[in-house]
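Enquirer: Sequence:
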Amino acid sequence: MILRLARIVWVITRFRLDTLLPLARLPWWLRALFTISPLRLVPIGERSRGERLRLALESLGPIFVKLGQMLSTRRDLLPEDIADELKRLQDQVPPFPGHQAMALVEEELEMSLEEAFANFEPEPLASASVAQVHAARLHGGEAVVVKIIRPGIERVMRQDMALMYRFASVLARIPEARRLRPVEVVRDYESTLFDELDLTKEAANTSQLKRNFKNSPLLYVPAIHWELTRRRVMVQERIYGVPVADTAALIAQGTDLKKLAERGVEIFFTQVFRDNFFHADMHPGNIFISYEHPEDPQYIAIDCGIVGSLTREDQDYLARNLLAFFHQDYYEVAALHIESGWVGEETRANEFAAAVRTVCEPILEKPLKDISFGQVLLGLFQTARRFNMEVQPQLVLLQKTLLNIEGLGRQLYPDLDLWSTAKPFLERWMKERAGARGLLESFKRQAPELARHLPELPVLAHQALSRAEQEHRQRRRQSAAMGDISRQLTRQGGRHRRLRLGLLLIVAALAWQPLYEWAAGQPWPALAAAGLGVLLLAWN
Numbered sequence: 001m002i003l004r005l006a007r008i009v010w011v012i013t014r015f016r017l018d019t020l021l022p023l024a025r026l027p028w029w030l031r032a033l034f035t036i037s038p039l040r041l042v043p044i045g046e047r048s049r050g051e052r053l054r055l056a057l058e059s060l061g062p063i064f065v066k067l068g069q070m071l072s073t074r075r076d077l078l079p080e081d082i083a084d085e086l087k088r089l090q091d092q093v094p095p096f097p098g099h100q101a102m103a104l105v106e107e108e109l110e111m112s113l114e115e116a117f118a119n120f121e122p123e124p125l126a127s128a129s130v131a132q133v134h135a136a137r138l139h140g141g142e143a144v145v146v147k148i149i150r151p152g153i154e155r156v157m158r159q160d161m162a163l164m165y166r167f168a169s170v171l172a173r174i175p176e177a178r179r180l181r182p183v184e185v186v187r188d189y190e191s192t193l194f195d196e197l198d199l200t201k202e203a204a205n206t207s208q209l210k211r212n213f214k215n216s217p218l219l220y221v222p223a224i225h226w227e228l229t230r231r232r233v234m235v236q237e238r239i240y241g242v243p244v245a246d247t248a249a250l251i252a253q254g255t256d257l258k259k260l261a262e263r264g265v266e267i268f269f270t271q272v273f274r275d276n277f278f279h280a281d282m283h284p285g286n287i288f289i290s291y292e293h294p295e296d297p298q299y300i301a302i303d304c305g306i307v308g309s310l311t312r313e314d315q316d317y318l319a320r321n322l323l324a325f326f327h328q329d330y331y332e333v334a335a336l337h338i339e340s341g342w343v344g345e346e347t348r349a350n351e352f353a354a355a356v357r358t359v360c361e362p363i364l365e366k367p368l369k370d371i372s373f374g375q376v377l378l379g380l381f382q383t384a385r386r387f388n389m390e391v392q393p394q395l396v397l398l399q400k401t402l403l404n405i406e407g408l409g410r411q412l413y414p415d416l417d418l419w420s421t422a423k424p425f426l427e428r429w430m431k432e433r434a435g436a437r438g439l440l441e442s443f444k445r446q447a448p449e450l451a452r453h454l455p456e457l458p459v460l461a462h463q464a465l466s467r468a469e470q471e472h473r474q475r476r477r478q479s480a481a482m483g484d485i486s487r488q489l490t491r492q493g494g495r496h497r498r499l500r501l502g503l504l505l506i507v508a509a510l511a512w513q514p515l516y517e518w519a520a521g522q523p524w525p526a527l528a529a530a531g532l533g534v535l536l537l538a539w540n
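The numbers in the working numbering rise by one with no breaks, and the one at position 222 of the sequence shown is 222.
The set of hints was computed from the structure by calculation and includes no laboratory data.
In this text, all values refer to a predicted model and were calculated from it rather than measured experimentally.
Where is the CB? At the ideal position from N, CA and C, for every residue including glycine.
Please note that a few of the clues may not be correct.
To be verified - Ranges of calculated distance between the beta carbons of each label pair, as one might list FRET restraints: (1) E110 - K423: 52 to 62 Å; (2) P424 - P455: 19 to 29 Å; (3) R312 - D415: 34 to 44 Å; (4) A223 - P94: 50 to 60 Å; (5) E427 - A354: 36 to 46 Å; (6) A354 - T247: 34 to 44 Å; (7) P455 - H225: 24 to 34 Å; (8) T200 - Q474: 50 to 60 Å; (9) T311 - S216: 49 to 59 Å; (10) R166 - A252: 41 to 51 Å; (11) T358 - Q474: 51 to 61 Å.
To be verified - Dumping the calculated EDC-like pairs for lysine to aspartate or glutamate here, alpha-carbon to alpha-carbon at most 20 Å: (12) K423 - D329; (13) K431 - E351; (14) K400 - D329.
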């Protein structure tokens with residue numbers, strides 16, 4: 001781990017990433033530290049700042065490349081030159097040698113390339129952070145692509161995750177950062193990231209997504225060739241389309257960009273709410289647009305290594321929250337957060353609603369070009385600090401996907417009204433979920449379990465009635481016993497009081513003469529106190 005940390009420091013120094021920091025915004029002591037830092041002795045060179053950042057992320061490995069891919073979709077948050085360079089991380093990461101890829105395929109398939117394919121291209125079509133893709137053709141003539149995991153990548157990723165865990169554990173000791181649940185977030189990210197190293201999981205995800213959108217005009221998903229798919233090798237139908245980031249080519253073929261942007265939003269909400277199974281790595285390198293019917297454009301999705309899903313409870317709360325936002329019902333938003341446990345039960349709903357209103361009111365009913373979800377999330381994050389809201393790890397993937405969708409929407413059609421596009425879909429989904437159709441679907445899901453227990457219902461009903469009668473008799477016996485005990489205690493208490501009073505009178509009679517002589521010489525306050533004491537003793 002120390003060696004990996006040293007390498008990270010070396011890469012930062014080599015590419016002079018310190019020059020990317022906005023020094024004017026840093027505290028004075030940090031500005032002074034950077035002014036006298038030995039980093040200033042390292043020459044910057046002739047490379048642009050965007051190129052230096054891209055090369056540094058490539059040198060550091062897949063986890064850092066993933067970060068760069070996500071940043072590349074947020075042109076509203078980055079300077080143009082840096083965004084252009086980071087865009088190259090989506091499918092232009094330096095490849096590993098073709099002969100190494102061919103050897104790995106033969107090792108995984110346990111057969112020669114000639115047996116598996118009629119043709120295999122040694123030069124990769126595309127190269128990304130975790131794997132690279134080669135074109136091939138099956139013996140039946142079908143064009144396919146072969147995805148191959150980078151050799152030795154798992155070791156580097158485990159080193160990086162160990163550093164992230166170390167950093168997260170340090171953050172968890174800081175009270176202000178503890179509510180972010182950094183260790184849980186890193187653990188969730190680790191599980192999704194390492195799932196990408198098993199291509200059989202990606203193949204299964206792809207098959208599921210294809211089944212969800214079968215014959216859909218919105219989205220096409222390529223087919224998997226399972227007979228040639230292994231843990232480190234996956235063979236998939238080759239697709240042909242325009243990269244979604246190539247806006248000029250989309251315009252040239254007459255694509256309806258407004259419809260395309262609206263369909264992107266519809267696909268996202270369909271995956272999250274209808275299917276509860278969403279593609280969580282929707283950066284532009286994984287999205288293409290079909291050449292066919294540009295006036296009625298269809299998306300093509302690849303690389304389903306990272307997918308997400310929510311519990312039914314989180315689905316309901318999320319949909320109700322979004323609808324409350326659309327209706328500007330901030331009290332409902334606050335109540336839902338408290339009900340779901342995302343903020344503490346002691347939180348006052350009206351105070352939380354007022355804080356949310358302050359953040360969200362300025363952005364509603366505006367076109368997407370005037371709205372930055374990054375700014376909204378930052379505002380909500382700052383608001384949450386006042387109410388001790390904890391980060392929900394199960395929603396991290398969803399938030400990341402939503403940021404990717406925003407980046408695509410800005411690029412395709414900046415005037416897209418996200419609210420009017422999403423609101424009807426959510427209202428329809430909630431109506432179906434809570435209406436007759438939703439009840440019927442719920443009954444269908446539970447029907448097998450009900451059918452299994454149906455023959456046992458008479459026996460179960462008899463047992464339940466017997467238990468109820470038994471419990472009723474037991475409660476009556478307990479009530480009668482408690483009454484007897486209470487009466488006995490009352491009688492015993494009366495006897496004890498009479499006994500104490502009798503003893504007190506006997507003692508007073510025996511001691512009357514000495515007490516009388518003593519009382520004759522005492523002042524009246526002392527006699528009054530003694531009389532009060534005698535009365536209290538008699539009372540007790």
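Enquirer: Evaluate each hint against the coordinates.
Expert: Status of the hints after comparison with the structure:
Remark: the range hint 52 to 62 Å for E110 to K423 is upheld by a beta-carbon distance near 53 Å. Taking 19 to 29 Å as the suggested C-beta distance range, the pair P424 and P455 does not conform, at roughly 45 Å. For R312 and D415, the hinted distance range of 34 to 44 Å is satisfied, since their beta carbons lie about 35 Å from each other. About 30 Å separates the C-beta atoms of A223 and P94, a value inconsistent with the hinted range of 50 to 60 Å.
A C-beta distance of roughly 26 Å is found between E427 and A354, which places it outside the suggested range of 36 to 46 Å. Separated by about 41 Å at the C-beta atoms, A354 and T247 satisfy the suggested range of 34 to 44 Å. Look at P455 against H225: about 45 Å separates their beta carbons, and that is not inside 24 to 34 Å. For the hinted restraint 50 to 60 Å between T200 and Q474, the CB-CB distance of approximately 57 Å keeps it satisfied.
Our hint of 49 to 59 Å for T311 and S216 is violated, since their Cβ atoms are close to 25 Å apart. Take R166 and A252: their Cβ atoms lie about 50 Å apart, and the range 41 to 51 Å holds. Taking the beta carbon of each, T358 and Q474 are about 58 Å apart, inside 51 to 61 Å as hinted. The suggested pairing of K423 with D329 holds, with an alpha-carbon distance near 14 Å, which does not exceed 20 Å.
With a C-alpha separation of about 30 Å, the suggested pairing of K431 with E351 is violated against the 20 Å cut-off. Restraint check for K400 and D329: not satisfied, since their Cα atoms lie roughly 25 Å apart, outside the 20 Å limit.
In the structure shown, a violation is registered for the earlier hints numbered 2, 4, 5, 7, 9, 13 and 14, in ascending order.
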